[in-house]
Amino acid sequence: MDNTTHAPSHSAHPGYGTFIKVWVALLVCTFALVGLAHLGQGPAVWGLLTLTPLKAGLVFYFFMHLKYEPPLLKVVVLVTLGTLLIFFALLFADVAFR
Amino acid sequence: MTHVHRDDFGSRLGMWLFLVTEMVLFGGLFIAYSAMRHRYPMEFHHAGAELNAVLGITNTVVLLTSSLTVVLSIVAIQRNERSRAIGFLSTTLGLGFVFLIIKGFEWAAKFHHGLYPNSAHLATLPPGEQVFFGLYFSMTGLHGVHVIAGMGVLAWVLGMVVKGTVNADKYVHLENAGLYWHLVDVIWIFLLPLFYLAA
Chain A
1 MDNTTHAPSH SAHPGYGTFI KVWVALLVCT FALVGLAHLG QGPAVWGLLT LTPLKAGLVF
61 YFFMHLKYEP PLLKVVVLVT LGTLLIFFAL LFADVAFR
Chain B
1 MTHVHRDDFG SRLGMWLFLV TEMVLFGGLF IAYSAMRHRY PMEFHHAGAE LNAVLGITNT
61 VVLLTSSLTV VLSIVAIQRN ERSRAIGFLS TTLGLGFVFL IIKGFEWAAK FHHGLYPNSA
121 HLATLPPGEQ VFFGLYFSMT GLHGVHVIAG MGVLAWVLGM VVKGTVNADK YVHLENAGLY
181 WHLVDVIWIF LLPLFYLAA
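In order, the protein sequence lines correspond to chains A and B.
In case it helps, the numbering used here puts the first sequence at residues 1 to 98.
In case it helps, the numbering used here puts the second sequence at residues 1 to 199.
None of these hints come from the bench; they were simulated from the model.
Mixed in with the good hints, there may be bad ones.
[To be verified] Here are the simulated lysine to any residue pairs, SDA-like style, with alpha carbons at most 20 Å apart:
(1) 103/B to 117/B
(2) 21/A to 75/B
(3) 67/A to 176/B
(4) 170/B to 14/A
(5) 74/A to 14/B
(6) 67/A to 78/B
(7) 74/A to 24/A
[What the hints assert, rightly or not] Distance windows between CB atoms, simulated:
(8) 87/A to 4/B: 17 to 27 Å
(9) 88/A to 141/B: 33 to 43 Å
(10) 79/A to 114/B: 17 to 27 Å
(11) 24/B to 57/A: 32 to 42 Å
(12) 113/B to 46/A: 23 to 33 Å
(13) 61/A to 32/B: 19 to 29 Å
(14) 5/B to 41/A: 15 to 25 Å
Computed from a prediction, not measured in an experiment: that's the story for all the values here.
All C-beta atoms, glycine included, are put in the ideal place defined by N, C-alpha and C.
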């Protein structure tokens, strides 16, 4: 190995167990979401607005290793999500006062 | 030995910047969905009942598990457990095929009932339901294209793991392929409640 290469910047690597736990949490959220959808339109929408972003967050944070990445990557993702939220807000501001 | 410039963080940052454009691409479609569902709540509810929720939920479990096996293959490669990494990646590819087969059966049933883009039957439905199926086919279709692309990339990386060019010391290709696959999974996480649980 020559010294000019940079070693991967990960510090401590998480093990198999961490990710299996996250997968179980994702399955639990999925079935909770399905259960809520059976309770009616109100709970279904609440499930959609809470559990779905939670599931996406778990995938981003653990499976996509954001937890182990430096702040720059976290900022890139947050700025994107913030931009999308602004688009959503602008759209509904338009729809609501049409 | 020749000097090889290497910047693993830069590679991952580049991949994330690409994924950000994907998020905005699908984000636009999600915004369109929200606006149309706000405009046609009853039609979306009614058309959503046409979709097979069991197939949608099954495919969610399939994709979540395929995401798990990708991330486990990274743990395996970090620990120099090459055959395990190959096993995990092959499982992901297999689950990708299962997803596409289920999707194929689902779409075939819709086509059989005369529900496909620009069909004569679709034209007889109320405008809100036409919009629902239009979004359904474009969003699950675009997602399906991403699944096929992701499988191609994963198969290529699997080849590199087998050859040993992706190894415990250098595995950023596997990480980036995994990132793409996880994003495809995240998009499906949103598609499930928007379409299959809409009724």
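Cross-check of the supplied hints:
1. 103/B to 117/B: holds (16 Å)
2. 21/A to 75/B: holds (14 Å)
3. 67/A to 176/B: holds (16 Å)
4. 170/B to 14/A: Roughly 17 Å separates the two Cα atoms, so the pair holds.
5. 74/A to 14/B: holds (13 Å)
6. 67/A to 78/B: Holds, at roughly 17 Å.
7. 74/A to 24/A: violated (24 Å)
8. 87/A to 4/B: 17 to 27 Å: Between residue 87/A and residue 4/B, where Cβ atoms are some 41 Å apart, the hint is violated.
9. 88/A to 141/B: 33 to 43 Å: violated (23 Å)
10. 79/A to 114/B: 17 to 27 Å: About 44 Å separates the Cβ atoms of residue 79/A and residue 114/B, which means 17 to 27 Å is violated.
11. 24/B to 57/A: 32 to 42 Å: Violated - the Cβ-Cβ distance for residue 24/B and residue 57/A, about 18 Å, lies outside 32 to 42 Å.
12. 113/B to 46/A: 23 to 33 Å: holds (31 Å)
13. 61/A to 32/B: 19 to 29 Å: Taking Cβ atoms as reference, residue 61/A and residue 32/B lie about 27 Å apart, which means the hint holds.
14. 5/B to 41/A: 15 to 25 Å: violated (56 Å)
Violation of the numbered hints given earlier is confined to hints 7, 8, 9, 10, 11, 14; the remaining hints are satisfied by the structure.
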